[in-house]
Amino acid sequence: MNKIAKFFLSVFVVLCFSSSVLAEGLTIIDPWARPVIIEGRPGAAYFIIRNDTAMADKLVKATSPYAGRIELHVHKHENGVMKMMQVSSIPVAAHAITSVSPGGYHLMMFDLNKKLALGDELPLTLTFEQAGVMNISAKILKKALFQK
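Note that numbering that gives the first Met the number 0 gives residue 128 to position 129 of the sequence shown, counting from 1, and the numbers run on in steps of one.
No wet-lab data here; the hints were simulated from the structure. A quick note: this is a predicted structure, and the numbers were derived from the prediction, not measured. Cβ atoms here follow ideal geometry from the backbone N, Cα and C, with glycine treated the same way. Keep in mind that a hint or two might mislead.
Taking CB as the label site, the calculated pair distances span [stated by the list, open to error]:
1) ILE135 with HIS74: 18 to 24 angstroms
2) ASP51 with LYS114: 19 to 25 angstroms
3) LYS82 with ASN134: 20 to 26 angstroms
4) PRO41 with MET133: 34 to 40 angstroms
5) ILE37 with HIS94: 39 to 45 angstroms
6) GLU38 with THR126: 23 to 29 angstroms
7) THR124 with SER98: 18 to 24 angstroms
8) ASN112 with ALA53: 38 to 44 angstroms
9) ALA116 with ALA53: 37 to 43 angstroms
10) PRO122 with GLY79: 19 to 25 angstroms
11) ASP51 with ALA116: 21 to 27 angstroms
12) PHE109 with LYS142: 17 to 23 angstroms
13) ILE36 with ALA92: 16 to 22 angstroms
14) VAL80 with ALA53: 15 to 21 angstroms
Derived pair list, reagent style DSSO-like, types lysine-lysine, alpha-carbon separation capped at 30 angstroms [as the list claims (entries may be wrong)]:
15) LYS142 with LYS113
16) LYS60 with LYS113
17) LYS142 with LYS114
18) LYS60 with LYS75
19) LYS75 with LYS142
20) LYS57 with LYS75
21) LYS113 with LYS138
22) LYS138 with LYS82
23) LYS57 with LYS141
24) LYS138 with LYS60
25) LYS138 with LYS57
26) LYS82 with LYS114
27) LYS113 with LYS141
28) LYS141 with LYS60
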């Protein structure tokens, strides 16, 4: 093998190893979603992201086979009124915990093709800018409106 090929192989191996370490540094804790008793109505999902790496990341996309689309949202107080706004990403700071919870960042699911009953599991695929794709399962729970 010539020197150029060895060099590119070495770079490829290092990049692959770095990506797997980074992906292992993100942990999703306590994923849950609210029940949706009428098919087609919107739903919301929540979880905690723990980033044990030295690199900041962003949640940039979420999908589920049960939802036609999922948007990343945040609640903000403006002029004494709480508003829900779509955002392009959810920031995940290095060596930190990011809460995706009621009253803050959350996933809004639209065009649900299945009812979400208490005790069911909701499959979610989360895509991070750096860490890549993570598949999780959120438990369908009934919690108070702003209970985290």
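- Ascending list of hint numbers which this structure does not respect: 2, 3, 4, 10, 11, 13 and 14
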